[in-house]
Amino acid sequence: MSKFRKKDKGELPAISTASLPDIVFMLLFFFMVATVMRDSSLMIENQLPSADQVEKLKKDRTIFIYAGKPSSQYKQFGVEPRIQFNDAFITVEDVQASVYQGIGEMTEELQSKVVVGLKVDKNTNAGLVSDIKQELRKANALKVMYIANTKKVE
Amino acid sequence: MAKRAAPEVNAGSMADIAFLLLIFFLVTTTIEKDKGLLRSLPPIDDTEVEPPIIRQKNLFTVNINRNNQLLVEEEEIPITQLRQATIDFLDNGGGTNQAGESCDYCKGKRLEDSSDHPDKAIISMKHDRETTYEKYMDVQNELVAAYNFLREREASRLYKKYYPDADKVFTAMLEEKEKNQFSKDEVLNERIETIKKLFPMKLSEAEPDKK
Chain V
1 MSKFRKKDKG ELPAISTASL PDIVFMLLFF FMVATVMRDS SLMIENQLPS ADQVEKLKKD
61 RTIFIYAGKP SSQYKQFGVE PRIQFNDAFI TVEDVQASVY QGIGEMTEEL QSKVVVGLKV
121 DKNTNAGLVS DIKQELRKAN ALKVMYIANT KKVE
Chain E
1 MAKRAAPEVN AGSMADIAFL LLIFFLVTTT IEKDKGLLRS LPPIDDTEVE PPIIRQKNLF
61 TVNINRNNQL LVEEEEIPIT QLRQATIDFL DNGGGTNQAG ESCDYCKGKR LEDSSDHPDK
121 AIISMKHDRE TTYEKYMDVQ NELVAAYNFL REREASRLYK KYYPDADKVF TAMLEEKEKN
181 QFSKDEVLNE RIETIKKLFP MKLSEAEPDK K
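Chains V and E, in that order, are what the protein sequence lines are.
Heads up, the first sequence is in the numbering used here, so the first residue is 1 and it goes up one at a time.
Heads up, the second sequence is in the numbering used here, so the first residue is 1 and it goes up one at a time.
Read the hints as simulated data drawn from the structure, not as lab findings.
None of these values were measured; they are calculated from a predicted model.
Every residue gets a Cβ at the ideal spot worked out from N, C-alpha and C, and that includes glycine.
Check the hints yourself; a few may be wrong.
Just some of the chain E residues that point at chain V, by a computed CB distance under 8 Å [said to hold, decoys possible]:
{"no.": "1", "residue": "Leu22"}
{"no.": "2", "residue": "Thr30"}
{"no.": "3", "residue": "Leu37"}
{"no.": "4", "residue": "Ser40"}
{"no.": "5", "residue": "Ile44"}
{"no.": "6", "residue": "Thr47"}
{"no.": "7", "residue": "Thr61"}
{"no.": "8", "residue": "Ile87"}
{"no.": "9", "residue": "Tyr162"}
Label pairs and their in silico Cβ distance ranges [said to hold, decoys possible]:
{"no.": "10", "chain 1": "E", "residue 1": "Lys161", "chain 2": "V", "residue 2": "Gln134", "range": "16 to 26 Å"}
{"no.": "11", "chain 1": "V", "residue 1": "Leu110", "chain 2": "E", "residue 2": "Lys161", "range": "28 to 38 Å"}
{"no.": "12", "chain 1": "V", "residue 1": "Thr17", "chain 2": "E", "residue 2": "Leu26", "range": "14 to 24 Å"}
{"no.": "13", "chain 1": "V", "residue 1": "Gln47", "chain 2": "E", "residue 2": "Pro78", "range": "37 to 47 Å"}
{"no.": "14", "chain 1": "V", "residue 1": "Gln111", "chain 2": "E", "residue 2": "Arg110", "range": "22 to 32 Å"}
{"no.": "15", "chain 1": "V", "residue 1": "Gln47", "chain 2": "E", "residue 2": "Ile79", "range": "40 to 50 Å"}
{"no.": "16", "chain 1": "V", "residue 1": "Ala34", "chain 2": "E", "residue 2": "Ala99", "range": "47 to 57 Å"}
{"no.": "17", "chain 1": "V", "residue 1": "Thr17", "chain 2": "E", "residue 2": "Ile79", "range": "35 to 45 Å"}
{"no.": "18", "chain 1": "E", "residue 1": "Glu176", "chain 2": "V", "residue 2": "Lys143", "range": "48 to 58 Å"}
{"no.": "19", "chain 1": "V", "residue 1": "Met106", "chain 2": "E", "residue 2": "Glu176", "range": "25 to 35 Å"}
{"no.": "20", "chain 1": "V", "residue 1": "Lys143", "chain 2": "E", "residue 2": "Ser102", "range": "28 to 38 Å"}
{"no.": "21", "chain 1": "E", "residue 1": "Thr61", "chain 2": "V", "residue 2": "Lys143", "range": "42 to 52 Å"}
Which bits of chain E does chain V cover? Going by a derived footprint, with three or more residues having C-beta under 8 Å, they are [what the hints assert, rightly or not]:
{"no.": "22", "segment": "130-139"}
{"no.": "23", "segment": "143-150"}
Excised from the complex, chain V in its bound form:
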């Protein structure tokens, strides 16, 4: 009798999951350090062109302007490429005001070094880009960065 009982006690102990939180926390900290908060959701298609002579962008002094065709959820805005700033579509005439607004939100010592990051879909007409650039010249924001994907140099 006693022999059987002893066997009963010898069941496998539950597997300890104590290290699982540690692993997940490790992942969590990695993501917290390596990423930044998403600032605006894109309402346009945004496939960037690629280039291999790229420089790094300084995030702190950049205003982003997006352009491209409205994406599938925003079909009601038509199929013509549109300009997006923050979370709204703007017209070419509004670019100047938007840039001033963007500059105003920046800290003072960076205001003179402002860079406008142009994230433009690669299937957009270059004419729209030159319209934006013309507006930027009027707003005296003369440094632009054409944001591109890094292409591998052969």
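Since chain V is already given, all that's left is putting chain E on it; use the hints.
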């Protein structure tokens, strides 16, 4: 009194909480990877001064039409040849600059009908409104690549001794400047300026014609 082992704390829910946080961060954040071509636009000039006349041979015209075809110096070429053509033009060194110095560092063919001096050489780019942005960026990239190639060449000629391990000397110099941006390194800045002066980037863009 019998010694009792402390009961094990159940940590199962901790993993759940951590997962929740992890998923939150996964969806609300993006990994920074923005890179691009940095260019300066010309300021708006409303003075009525006549622009100086540029001799045709110092001007390198690049046109892109609405079908994304490339016309360089009145000749249609594929984009793969653009970089070399630009380098040849900038590096020609056929004459002298404003100060009357000839380009002693140019390794070009010194043709009579190409640019006099990198100082005078101007690239003029023009595109149609219907040109796709992708093609426009490809061309920009090639033109910048030509300048970068020449600047790298001069940088390794002049300053290779300070950066013996660097693959690309000019890039290494720029990176070093980036690293000590809070402590100005006069010597380094001066060297970078020297290189930039040897091949000043003169890339002008004409506005596309309004239809």
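We went through each hint and held it up to the structure:
no.: 1; hint: Leu22; verdict: 4 Å, holds
no.: 2; hint: Thr30; verdict: 5 Å, holds
no.: 3; hint: Leu37; verdict: 5 Å, holds
no.: 4; hint: Ser40; verdict: 5 Å, holds
no.: 5; hint: Ile44; verdict: 5 Å, holds
no.: 6; hint: Thr47; verdict: 15 Å, violated
no.: 7; hint: Thr61; verdict: 17 Å, violated
no.: 8; hint: Ile87; verdict: 13 Å, violated
no.: 9; hint: Tyr162; verdict: 22 Å, violated
no.: 10; hint: Lys161(E) to Gln134(V): 16 to 26 Å; verdict: 46 Å, violated
no.: 11; hint: Leu110(V) to Lys161(E): 28 to 38 Å; verdict: 36 Å, holds
no.: 12; hint: Thr17(V) to Leu26(E): 14 to 24 Å; verdict: 21 Å, holds
no.: 13; hint: Gln47(V) to Pro78(E): 37 to 47 Å; verdict: 23 Å, violated
no.: 14; hint: Gln111(V) to Arg110(E): 22 to 32 Å; verdict: 46 Å, violated
no.: 15; hint: Gln47(V) to Ile79(E): 40 to 50 Å; verdict: 19 Å, violated
no.: 16; hint: Ala34(V) to Ala99(E): 47 to 57 Å; verdict: 51 Å, holds
no.: 17; hint: Thr17(V) to Ile79(E): 35 to 45 Å; verdict: 57 Å, violated
no.: 18; hint: Glu176(E) to Lys143(V): 48 to 58 Å; verdict: 22 Å, violated
no.: 19; hint: Met106(V) to Glu176(E): 25 to 35 Å; verdict: 27 Å, holds
no.: 20; hint: Lys143(V) to Ser102(E): 28 to 38 Å; verdict: 34 Å, holds
no.: 21; hint: Thr61(E) to Lys143(V): 42 to 52 Å; verdict: 25 Å, violated
no.: 22; hint: 130-139; verdict: holds (count 9)
no.: 23; hint: 143-150; verdict: holds (count 3)
Checked against the numbered hints given earlier, the structure breaks hints 6, 7, 8, 9, 10, 13, 14, 15, 17, 18, 21 and satisfies all the rest.
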